[in-house]
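Quick note, the sequences are listed as chains A and B, same order.
Quick note on the numbering used here: the first sequence kicks off at 1 and runs consecutively.
Quick note on the numbering used here: the second sequence kicks off at 1 and runs consecutively.
I should point out that these hints are in silico values taken from the structure, not numbers from a laboratory.
Fair warning: this is a prediction, and the values are worked out from it, not measured in the lab.
Just so you know, even glycine gets a beta-carbon here, dropped at the ideal spot from N, CA and C.
One should not assume that every hint holds.
[Said to hold, decoys possible] Straight-line C-alpha distance at most 30 angstroms; calculated DSS-like pairs for lysine-lysine:
no.	chain 1	residue 1	chain 2	residue 2
1	A	Lys-170	B	Lys-57
2	A	Lys-180	A	Lys-210
3	A	Lys-21	B	Lys-21
4	A	Lys-32	B	Lys-57
[Unchecked claim] Here are the computed distance ranges between Cβ atoms for each label pair:
no.	chain 1	residue 1	chain 2	residue 2	range
5	A	Asn-149	B	Glu-6	37 to 43 angstroms
6	A	Lys-67	B	Gly-143	46 to 52 angstroms
7	B	Ser-33	A	Gly-269	33 to 39 angstroms
8	B	Pro-280	A	Pro-186	55 to 61 angstroms
9	A	Gly-269	B	Tyr-86	53 to 59 angstroms
[Claimed, not checked] Simulated coverage check for chain B against chain A, where a stretch passes if three residues somewhere in it have a Cβ under 8 angstroms from a Cβ of chain A:
no.	stretch
10	63-69
11	103-110
12	149-158
13	196-208
14	219-226
15	300-307
There are 2 protein chains.
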Amino acid sequence: MAQLSEEELSGIYDFTVQLAKDAGRLLLDGAKSRMGDDGMPSLDTVEKDSSVDVVTKIDEDVEAFVKNSILFLGEETYSKGATREYLVDDLPTWVVDPLDGTVNYTHIFPMFCISIGFVFQGEPIIGVIYAPMLNQLFSSCRGRGAWLNDTTRLPLLRNPIPPLPDNAPKGCIFSCEWGKDRRDAPDGNLVRKVESFMNMACELGGRGGKGGMVHGVRSLGSAALDLAYIAMGSFDIWWEGGCWEWDVAAGFAIVREAGGIITTANPPGAPETDVIGKAPLGGRLYLAVRPAGPSTTETGRQAQERTVREVWKRVVKLDYSRP
Amino acid sequence: MAQLSEEELSGIYDFTVQLAKDAGRLLLDGAKSRMGDDGMPSLDTVEKDSSVDVVTKIDEDVEAFVKNSILFLGEETYSKGATREYLVDDLPTWVVDPLDGTVNYTHIFPMFCISIGFVFQGEPIIGVIYAPMLNQLFSSCRGRGAWLNDTTRLPLLRNPIPPLPDNAPKGCIFSCEWGKDRRDAPDGNLVRKVESFMNMACELGGRGGKGGMVHGVRSLGSAALDLAYIAMGSFDIWWEGGCWEWDVAAGFAIVREAGGIITTANPPGAPETDVIGKAPLGGRLYLAVRPAGPSTTETGRQAQERTVREVWKRVVKLDYSRP
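Based on the provided sequences and hints, a complete structural model is requested.
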């Protein structure tokens, strides 16, 4: 498959959207089966097993469902937990997280979703993220825009798309996650992250000049939905390390199709001047900036790059690698 | 009005739910009018004015709508911004935030809502929180339970209601907000909050024994919705200082009716043994713990109190007062 025709692309896109809807329904059914009221009897197993086991089972069920569905298409597939090796090559590959936001799902906090990315020649070109309890489906197909619930184009504000604030990160919503690495060590990722969050949040001039006075700090517990809200224009900046390609493949496709950019979380040697490249899909370090319209003095891309550099000046390098 | 009959209560409850639905629709219309696609022309004013002005206008419009509606009932009303004095007395009083999650609304991140509390003899006895872009309406009436979208009883998991983890805060979703006080001062609320967040998040044994290893840290940017998700059982712990009674009045009613508790954020002199009282509605310091079922060794209330004490051991006193 050297190239994909527009017709093939359409077929794969429609298939992916439907697959996400079906898989999302499984997730929602799983959540509802744990509730007690309204004709939805709770499963005995829920009371006997730990909620973690229940979630693992749903996760595996949805993964099996997705894999079986994709088998018909005959592409390579891999998803969360299969391996820590980076397996994406030039062949068409599905990169799937059957359940992103696992902790949220355990607690039935609605910020959970299925995330399906279709990667071709190393680039995510189709992405679908479906959060069934929010009734929000985010999707994109290369060259055809990014969409909310099939009908509303992303970003939501697009007439015109608002420019980024002149003094970003001030005025921005900054999205970030605390993650699983909670070691109490000066060089641990928890300390590095929180120092970075503090710099972004603190008043201008504070923290030795690093204070960014962002408008708000948000943590949802789902990398896929963080990226969806970047594409929507709801979050201005997402900075994160530690997640994997299955968490972000669909989000990469959706954010880029909406006009956002994703580069690496870790500042390079010369954050003021180094080239701002695309984040490697499997790099575990991500910095996304929302779609931005032009102002009177700069293009949207220039404003995005300015914002990236302002973030890089304020954050500490994170320490995540692949095994 | 010395007492309220069940009939009067029903009338006020139905009125409040309808009022929240109507007001929420105004919020949603306001958001949609700023989007450009799908037959929803963007307002010229949006491009001319800053988004802050636009939001202020919506906020005022919705407040006027709510006030006009409530005037028919002839009760006292006050809401956000009217004054910083605490005005709730024994008379029936409406405590309203026409738009909670203002920053989210500005950015069209769906975590915004209208919050309407009906306070009688100093106690919030009816609460309605409506997040129109999430299509989630949380409501409660004294003695009649707390509900999601009129039909699903809260908390969501209730057959049985899960106990709190034995080793809480480990295993808990911890919800917290960064707030507006961003001073770079050792005794500022930003530093106090972040130190507390770090203690809650850090591995067990870390931070001089204060590490709580919570399952996840969440920040939504809406106190009303934080409390709604406590009532739902999605968040286990919410710890916050700085917000006002209009942010929490409806949430107080809903959380308590669902079986959760709300006490003060600031640890007392003897966090291990001091009586755990109700948080004053206007105290600006709140610690909420979700509804909890019994385990084999303790009642739900005992587990909630144990959790409160474990939080108090880990957090720093916040510095918020009334003018």
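Against the structure, the hints:
no.	hint	in the structure
1	A:Lys-170 - B:Lys-57	holds, 22 angstroms
2	A:Lys-180 - A:Lys-210	holds, 26 angstroms
3	A:Lys-21 - B:Lys-21	holds, 28 angstroms
4	A:Lys-32 - B:Lys-57	violated, 39 angstroms
5	A:Asn-149 - B:Glu-6: 37 to 43 angstroms	holds, 41 angstroms
6	A:Lys-67 - B:Gly-143: 46 to 52 angstroms	holds, 50 angstroms
7	B:Ser-33 - A:Gly-269: 33 to 39 angstroms	violated, 46 angstroms
8	B:Pro-280 - A:Pro-186: 55 to 61 angstroms	violated, 40 angstroms
9	A:Gly-269 - B:Tyr-86: 53 to 59 angstroms	holds, 54 angstroms
10	63-69	violated (count 0)
11	103-110	holds (count 7)
12	149-158	holds (count 6)
13	196-208	holds (count 8)
14	219-226	holds (count 3)
15	300-307	violated (count 0)
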